[in-house]
Amino acid sequence: MTRYVLILAGVALAGPMMAEPAAAWEPKGQGECIAPANPGGGWDITCRTISSVLQKTGGFKGSIYVTNMPGGSGAVAIANVATKRKGDTNLIVSASNALTFTVALGRTPYTFKEVMPLAQVGAELGGFFVTADSKYKTLADVTAAMKADPKSVTFSGGSAPGGQDHMKVALFAKAIGVEPTKVVYVPFQGGGEALTSMLGGHTQVAALDISEATGQLEAGKIRGLAVLSDKRSTKFPDIPTATEQGAPVNYVIWRGYYMAPGVPKEAYDWWLETIKKTVATPEFAAEREKLGWEPTTRFGDDFVKYVNDEAAQYKILLKELGFLK
Amino acid sequence: MFDQLLNGFATALLPLNLLIALCGCLVGTLIGVLPGLGPTATLAMLIPLVFSMPPATALILLTSVYYGSMYGGSTTSILVNIPGESASVITTIDGHKMAMQGRAGPALAVAAIGSFIAGTFAVLMLTFVGAPIARYALLFGPAEFFALMVFGLCTVASLTGTNVTKSIIATCLGLMIATIGIDLVSGAARFTFGNPFLQDGVDFVVVAIGMFALTEVVITAREVHAGTRAQIVKADKVWISWSEFLYSLPAIVRGTVFGFVIGMLPGAGATLSTFIAYNLEKRLCKNPELLGTGDIRGVANPESANNAASGASLVPLLTLGLPGGGATAVMLGALMMLDITPGPLMFEKHGAIVWTLIASMYVGNTLLLLLNWPLVNVFARVMRIPPKFLMPTVLVISTIGVWSLSYSAVDLVLTGAAGVLGYYMRVHKYPVEPLILGLILGGRLEQAYRQALIISAGSNMIFVEKPISLGLLIGAALFLFLPMLLKRSKQFVAAQESAEAA
Chain R
274 MTRYVLILAG VALAGPMMAE PAAAWEPKGQ GECIAPANPG GGWDITCRTI
324 SSVLQKTGGF KGSIYVTNMP GGSGAVAIAN VATKRKGDTN LIVSASNALT
374 FTVALGRTPY TFKEVMPLAQ VGAELGGFFV TADSKYKTLA DVTAAMKADP
424 KSVTFSGGSA PGGQDHMKVA LFAKAIGVEP TKVVYVPFQG GGEALTSMLG
474 GHTQVAALDI SEATGQLEAG KIRGLAVLSD KRSTKFPDIP TATEQGAPVN
524 YVIWRGYYMA PGVPKEAYDW WLETIKKTVA TPEFAAEREK LGWEPTTRFG
574 DDFVKYVNDE AAQYKILLKE LGFLK
Chain L
31 MFDQLLNGFA TALLPLNLLI ALCGCLVGTL IGVLPGLGPT ATLAMLIPLV
81 FSMPPATALI LLTSVYYGSM YGGSTTSILV NIPGESASVI TTIDGHKMAM
131 QGRAGPALAV AAIGSFIAGT FAVLMLTFVG APIARYALLF GPAEFFALMV
181 FGLCTVASLT GTNVTKSIIA TCLGLMIATI GIDLVSGAAR FTFGNPFLQD
231 GVDFVVVAIG MFALTEVVIT AREVHAGTRA QIVKADKVWI SWSEFLYSLP
281 AIVRGTVFGF VIGMLPGAGA TLSTFIAYNL EKRLCKNPEL LGTGDIRGVA
331 NPESANNAAS GASLVPLLTL GLPGGGATAV MLGALMMLDI TPGPLMFEKH
381 GAIVWTLIAS MYVGNTLLLL LNWPLVNVFA RVMRIPPKFL MPTVLVISTI
431 GVWSLSYSAV DLVLTGAAGV LGYYMRVHKY PVEPLILGLI LGGRLEQAYR
481 QALIISAGSN MIFVEKPISL GLLIGAALFL FLPMLLKRSK QFVAAQESAE
531 AA
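Chains as they are written, first to last, in our numbering: chain R, 274 to 598; chain L, 31 to 532.
Only chain R is shown next, with the shape it has when bound in the complex:
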């Protein structure tokens, strides 16, 4: 309902701004953050967090509103931004690995090269979880079972095969020398359902993000077998990493933003500096802690290279798994 107003505002603002001198560039008017999902989801929270902290700390003068543009796991939003919002200096779009999958799987004709990746402001760790009374006490137990018979362990996850949670399982299988296509992975709609199925004993190991498992972990109903990262989680330091247990998997979910193509360098640099400063504030740290994010950040060129490399890596892995030809 609000969107056409927003687009008009964006178009009206974009034109005159490019003429501003480089040093003194400041955004004028309202800012906008597009969340390519419905309210309440990860991308929505990524937008709302930065917009509230930017306004609280005065990093952005004026208000930043959040527009929800769901559809096709980010495909609708990236198409819209790449074609209709060119050069919009007041617009950022929230993103994560889920968008890399949309790109790598070719579900959108656009890639990170058609837009301007801006920054990663946090990271979420994924892991493997079992019920408290599971026969798998450590990741080594799962490894042993899978080496004996890859089909003896049933994994559940909240994404389609070829998506985020399946990737955790596939990378793990690769790391322990088991053919990834032989793994039994049952896809569910969202981590919550994958967790429920594991709790009910219908599947054995759930591949989730830590934030999805937090409630059950704290209650002691489930046990974390491993986090899939070089470092342990700051919130649950008791869960060992997969690497410690002989399965080197580093699969971290980044949370960040991209901008529309054709944004002038001074505007892009302004956002880069502003987000860099904002992420370092105690206000942002508090939000980050609330969301259970790790303080991993990447900015500008670093981030551009990172996401493009990631898309290329995913493509290779997805080919191995048979999801891409």
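Some clues are possibly wrong.
[Unchecked claim] List time: in silico DSSO-like cross-link candidates among lysine-lysine, alpha-carbon distance up to 30 Å: (1) LYS459(L) <-> LYS196(L); (2) LYS379(L) <-> LYS508(R); (3) LYS563(R) <-> LYS550(R); (4) LYS379(L) <-> LYS563(R); (5) LYS329(R) <-> LYS379(L); (6) LYS504(R) <-> LYS379(L); (7) LYS538(R) <-> LYS550(R); (8) LYS420(R) <-> LYS598(R); (9) LYS267(L) <-> LYS316(L); (10) LYS420(R) <-> LYS504(R); (11) LYS408(R) <-> LYS494(R); (12) LYS424(R) <-> LYS494(R); (13) LYS386(R) <-> LYS301(R); (14) LYS410(R) <-> LYS379(L); (15) LYS494(R) <-> LYS379(L).
[As the list claims (entries may be wrong)] Covered stretches of chain R (chain L as the covering partner; in silico rule of three or more C-beta atoms under 8 Å from a C-beta of chain L): (16) 316-328; (17) 377-389; (18) 412-424; (19) 471-485.
[To be verified] Derived, one-sided and incomplete: chain L residues facing chain R with beta-carbon distance under 8 Å: (20) ALA74; (21) LEU168; (22) GLN229; (23) PRO353; (24) PRO374; (25) LEU375; (26) ILE485.
For the record, the hints were derived by calculation from the structure and aren't laboratory data.
Ideal Cβ positions, reconstructed from N, Cα and C, are used throughout, including at glycine.
Place chain L on chain R using the hints.
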């Protein structure tokens, strides 16, 4: 526990919170009335608002809107034959006939009363036996869900009672539409024609607005033009009579129980519960042939079922931290934003807020009953608006509802197509309700089937080996074939008798 509940009431009854609950109920009812905006969409729109509120107040707002929109959903089903949300599709069958017979008031009233009884029952269960019964939800894995949905689909065979073949054809059409979008299991895009808007599938609202609203508008226009439009009988009373209430009470009770049991299963949802409850009602009540002709029990039963189900879906969420269907998933998102991690420890760690939430559900249900008293009167008057004014308004509001889904012209085109199909179906007497159920269950049905097969390494025996699944499948078979067999045997007996007589 009573202390905590009383404390909860003390917070829920604070003037500000009470006002918020009242506003929430009112807004929820009005939005529920608008075709196209259901509880899930409404909650999603409110999420940004709750960011700036104290947690208890925010949750009170969300639940009261949720409850309100569940109450409001039946209104348009009854008045203009357009379901406000998917859980009120069944209500159109008897509800609209009642309205045409001049009994819109009693229909609306029984929907409100049934919703109140069912909603309150669900909260009582949540308060006193929450966690132990919620555990039964965990018994349902993919195989059991598949069987449950097959059971649900088989009930449509007896929905119209006239032509089983047409029901089955309509169900299959719905299942076919449900295959559009990204397939969850293989990740392949099916029937999307490269359009990103179609990747998420066809929304229920798009099809329902086309099939119910567009079709109703065109048919009304034709009837008015041809002068064949049935005169709406003038209403003689607005509220329900005592004898009508007593007559519908068993239907309310059964709807409540079935709705609660089915609604508690994560993902099964209120819609499925209304279909199953209505068809079980047909098997269990006295004079089942009256259902479908404008019987008040045909409104009382599904409306109780959907409210019991939506209340029940909160039980696993609040007691075990397990999210259920669409609306509870949004609630879950809201809880997390308020820094409340849903999980088994929620009562321990955030006891005050959770008990306030529960208390506010009692308050919300009561407020809605009181609110509906005058509203029934207002809404029942809609029937007096001449069609030439009413129908264009319906058309405009419905179109806005479709547009608001994802601001996509694709949805509007699809609505038009659904309208053409719906018109054809109406003219040729195909029931639309089975198509809607097929569309709603299709995705999950296929998903559950394939999940079960992944778990069983491709063996269909999994559906027979699991007792719950086996039981439901046998029930489904009985539902589908028993009426035919009974009919056959009756014909057989009748033929023999007439042969003997001759």
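Each hint, compared with the structure:
no. : hint                    : in the structure
1   : LYS459(L) <-> LYS196(L) : holds (8 Å)
2   : LYS379(L) <-> LYS508(R) : holds (17 Å)
3   : LYS563(R) <-> LYS550(R) : holds (19 Å)
4   : LYS379(L) <-> LYS563(R) : holds (15 Å)
5   : LYS329(R) <-> LYS379(L) : holds (28 Å)
6   : LYS504(R) <-> LYS379(L) : holds (29 Å)
7   : LYS538(R) <-> LYS550(R) : holds (18 Å)
8   : LYS420(R) <-> LYS598(R) : holds (28 Å)
9   : LYS267(L) <-> LYS316(L) : holds (25 Å)
10  : LYS420(R) <-> LYS504(R) : holds (25 Å)
11  : LYS408(R) <-> LYS494(R) : holds (14 Å)
12  : LYS424(R) <-> LYS494(R) : holds (25 Å)
13  : LYS386(R) <-> LYS301(R) : holds (27 Å)
14  : LYS410(R) <-> LYS379(L) : holds (28 Å)
15  : LYS494(R) <-> LYS379(L) : holds (16 Å)
16  : 316-328                 : holds (count 4)
17  : 377-389                 : holds (count 3)
18  : 412-424                 : violated (count 1)
19  : 471-485                 : holds (count 6)
20  : ALA74                   : holds (5 Å)
21  : LEU168                  : holds (4 Å)
22  : GLN229                  : holds (4 Å)
23  : PRO353                  : holds (4 Å)
24  : PRO374                  : holds (4 Å)
25  : LEU375                  : holds (5 Å)
26  : ILE485                  : holds (6 Å)
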